Amino acid sequence: MDLNLTSEEMRFRDELRSWLTANVPADWAERREESLESRFEYLRAWQRRLFEGGWAGVSWPKRYGGRGANLMQQVIFWQEMALASAPPMANTLGLGLIGPTIIAFGTEAQKTRYLAKILSAEEIWCQGFSEPNAGSDLASLQTEARVDGDFYVVNGLKTWNSYGWVADWCELVVRTDPNVPKHKGLTVLLVDMKSPGIGVRPLRQITGESEFAEVAFRDVRVPIENVVGNVNQGWDVAIGTLMHERGTFGAGLQITFRRNMERLIELARELRRNGKSSAQDPLIRQKLAQCYAEIEIMRWNQMRAFSRINATGVPGPEGSIQKIFWSELNQRLQEVAQELLGPYGQLEGISTHSVDKGTWAYGYLRSRGNTIEAGTSEIQRNIIGHFVLGLPRSY
Amino acid sequence: MQFGLNESQEILKQNARQFFAGECPMTHVRRLAESKQPYDPALWSKMAAQGYMGIIFPEKYDGLGLGKVELILLMEEAGCALVPGPFWSTVALAGAVIDAVANVAQKTRYLAPICRGEARSTLALLEGGATWDLADSKLAASNGRLTGEKLFVLNADVADFILVAEQTGVFLVEAQAPGLSITPMPALDLTRNLYAVQFQDTPVEKLGDGTNLTRALNIATAALVAEMVGGMQRVLDLTVDYAKMRKQFGKAIGTFQAVQHQCADMYLETESSRSAAYYAAWALEHDAPDAATATSIAKMYASDACRAVGNRGIQIHGGNGFAWENDLHLYYRRAKASETMLGDATFHRERIARLVIDAVPASFGGNDRSLR
Numbered sequence: 001m002d003l004n005l006t007s008e009e010m011r012f013r014d015e016l017r018s019w020l021t022a023n024v025p026a027d028w029a030e031r032r033e034e035s036l037e038s039r040f041e042y043l044r045a046w047q048r049r050l051f052e053g054g055w056a057g058v059s060w061p062k063r064y065g066g067r068g069a070n071l072m073q074q075v076i077f078w079q080e081m082a083l084a085s086a087p088p089m090a091n092t093l094g095l096g097l098i099g100p101t102i103i104a105f106g107t108e109a110q111k112t113r114y115l116a117k118i119l120s121a122e123e124i125w126c127q128g129f130s131e132p133n134a135g136s137d138l139a140s141l142q143t144e145a146r147v148d149g150d151f152y153v154v155n156g157l158k159t160w161n162s163y164g165w166v167a168d169w170c171e172l173v174v175r176t177d178p179n180v181p182k183h184k185g186l187t188v189l190l191v192d193m194k195s196p197g198i199g200v201r202p203l204r205q206i207t208g209e210s211e212f213a214e215v216a217f218r219d220v221r222v223p224i225e226n227v228v229g230n231v232n233q234g235w236d237v238a239i240g241t242l243m244h245e246r247g248t249f250g251a252g253l254q255i256t257f258r259r260n261m262e263r264l265i266e267l268a269r270e271l272r273r274n275g276k277s278s279a280q281d282p283l284i285r286q287k288l289a290q291c292y293a294e295i296e297i298m299r300w301n302q303m304r305a306f307s308r309i310n311a312t313g314v315p316g317p318e319g320s321i322q323k324i325f326w327s328e329l330n331q332r333l334q335e336v337a338q339e340l341l342g343p344y345g346q347l348e349g350i351s352t353h354s355v356d357k358g359t360w361a362y363g364y365l366r367s368r369g370n371t372i373e374a375g376t377s378e379i380q381r382n383i384i385g386h387f388v389l390g391l392p393r394s395y
Numbered sequence: 001m002q003f004g005l006n007e008s009q010e011i012l013k014q015n016a017r018q019f020f021a022g023e024c025p026m027t028h029v030r031r032l033a034e035s036k037q038p039y040d041p042a043l044w045s046k047m048a049a050q051g052y053m054g055i056i057f058p059e060k061y062d063g064l065g066l067g068k069v070e071l072i073l074l075m076e077e078a079g080c081a082l083v084p085g086p087f088w089s090t091v092a093l094a095g096a097v098i099d100a101v102a103n104v105a106q107k108t109r110y111l112a113p114i115c116r117g118e119a120r121s122t123l124a125l126l127e128g129g130a131t132w133d134l135a136d137s138k139l140a141a142s143n144g145r146l147t148g149e150k151l152f153v154l155n156a157d158v159a160d161f162i163l164v165a166e167q168t169g170v171f172l173v174e175a176q177a178p179g180l181s182i183t184p185m186p187a188l189d190l191t192r193n194l195y196a197v198q199f200q201d202t203p204v205e206k207l208g209d210g211t212n213l214t215r216a217l218n219i220a221t222a223a224l225v226a227e228m229v230g231g232m233q234r235v236l237d238l239t240v241d242y243a244k245m246r247k248q249f250g251k252a253i254g255t256f257q258a259v260q261h262q263c264a265d266m267y268l269e270t271e272s273s274r275s276a277a278y279y280a281a282w283a284l285e286h287d288a289p290d291a292a293t294a295t296s297i298a299k300m301y302a303s304d305a306c307r308a309v310g311n312r313g314i315q316i317h318g319g320n321g322f323a324w325e326n327d328l329h330l331y332y333r334r335a336k337a338s339e340t341m342l343g344d345a346t347f348h349r350e351r352i353a354r355l356v357i358d359a360v361p362a363s364f365g366g367n368d369r370s371l372r
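Residue numbers (the numbering used here), protein chains in the order written: chain R, 1 to 395; chain H, 1 to 372.
With the rest of the complex left out, here is chain R (with noise of 0.2 Å):
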């Protein structure tokens, strides 16, 4: 066990330090009230810049355009751009998930082709997982693609696709043997999403806004060599996706919980309560320091797993810790959030008189999704009570 960084280490990240200096734009903060549209621009022209640089994948091979470092290069990487306070890459799914997925499963040509494209933001990603009826049961899952020569033939309805608004592909589970157990008919095709008879409905969520979109496929054409993995296998490959999802995929928002931890402290510095300063309530410090400490041991807990992942190659079950682990303790923060604020914490951006221009009662809305979103955390719990402590299955 050595927590210090290893020379090789160090060096990445003075490299790393002094290029985010010269480089990470200083108005991302002042960009809250824009549209999403135009905020995603912003974003994907700052990826292009850090792939430019050679930032963007550093953990990927260097044959696809990555940096072919290790994993906790990867976590320093994290760390130095929440320091500076560098605004997140736009290509999130493509980045944590997709990317993770085609290098694990895909074809050498499938590398060749996406790979780069996902890191430049060229190419913007989203998944095809979840329909109306299969939410939490997702190998349910109905949308279907029949062989008709070198193509498949999708049909059917997806649901809750973040970024299916903006993305280019997308990585779309089907069903492809339906006379067979559910897990043992699935495949997993990458789709282009300008392919004649998609059709892209904004989903409007709780905050008001549409970060997600229902995808229609009606006789949607796709070359066969779209195939990730193997045919009918293809719940391997969503597994696969999902582990990276819940095991690595939260590692970029322990830092903007910092972020939040250290402006709720300082709110309730300025804010009164009980005819002295909040941070001087006993309640209030009792509550600000739960949520200090929860954010530290999600970070050590992030940091045992990724040397895990680091020694072994893949994420584990035991990911899904991490990913009930952020999702609840964001939803208890933004309630110390709005606990704190008072009745400043239900006004939104827009008002005259809203701290932080409407981040607390936006994060409120949006971290309600959290323990939702990615797989509920019933169904996290499942994956942990089967696959981690080998109890019988439930279902």
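No wet-lab data here; the hints were simulated from the structure.
Since the model is a prediction, treat every value here as computed from it, not as a measurement.
When the alpha-carbon atoms are kept at most 20 Å apart in a straight line, the in silico SDA-like pairs for lysine to any residue are as follows:
1) R:K276 - H:D358
2) H:K244 - R:H386
3) H:K251 - R:H386
4) H:K247 - R:H386
5) R:K357 - R:A29
6) H:K247 - R:G390
7) H:K138 - H:G179
8) H:K244 - R:F387
9) H:K244 - R:R393
10) R:K111 - R:R48
11) H:K251 - R:F387
12) H:K247 - H:A323
13) H:K60 - H:N103
14) H:K251 - R:S394
15) H:K244 - R:S394
16) R:K117 - R:F105
17) H:K206 - H:T147
18) H:K13 - R:R304
19) H:K247 - R:S394
20) H:K46 - H:D160
21) H:K251 - R:G390
22) H:K13 - R:R308
23) R:K276 - H:R354
24) H:K247 - H:I314
25) H:K244 - R:G390
Knowing the structure of chain R, use the given hints to seat chain H on it.
Below, chain H without anything else, positioned relative to chain R:
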């Protein structure tokens, strides 16, 4: 950066696990727990022969000279086996305090016998007010003599010498000293006894002022958390085994999500406590600027977690978990005692608040010192 055990650490942990499984099985723990004097000199000698008593102390005092991470791994296994008696109080508490505050001659006289397994000890900290803040201590030695009372002193009756912390520093009292009397305070934990210790013009030897006491108490706290983690792991293992074996409605109860999800929470709480204990140990070993905060975070989280894990474990065991014959209550009792020892979650949350809210600007810890 590697947050995993290296090969020698893995070996140390596995050896400790095997040692305790062989030399301190639950039947033995239970026999000692029910005997009202949970100290076994034979087990003590065997543990000393393994070098456990001197694990973190310098070789010149007959210790092994290993680090805090190694201590934490050993304590984790001791907690898993529910090792009874004065191990933690002698090594992680009194030993760490002597190592931190005493001079070379005193260490030769008191720390070396601990390392060799020839002496047992403890630290008397609390008084009637029962606050962990030493500033609240009312006792004060004067002219090498002490009068007054300390409460909640672990394992005092088997200690060869007792350390006493008061406002001006740390003192040592020999077990045979005149004016010293030790009275049991019967309590929940059957594997470690508490005592009231009275001093009546009792001669004491000053070991040092309180400057380094906090650092030693942080080490003791991290070791205690590791012991709690071992206990949580054992309760989780027992509970998962039971949920697989126990049948109701024609199925193993572990099939039901109401049971599975509680097991999943036990796993999450145990693993998160373990991450915190390991990080705190590393931070203490390397004098990281966030070592005190990390220690409090670990004790805070584990104090709530060990209670929750115990509650869930017993709940899943149903009536069997409530029975005296079942081992769970021995862990449950220890968990409650350890939760309180050196400050519960509320105490440590306030300590965290002092460290991170009252400090301006608020800053997070990190493994890279240049981050701060």
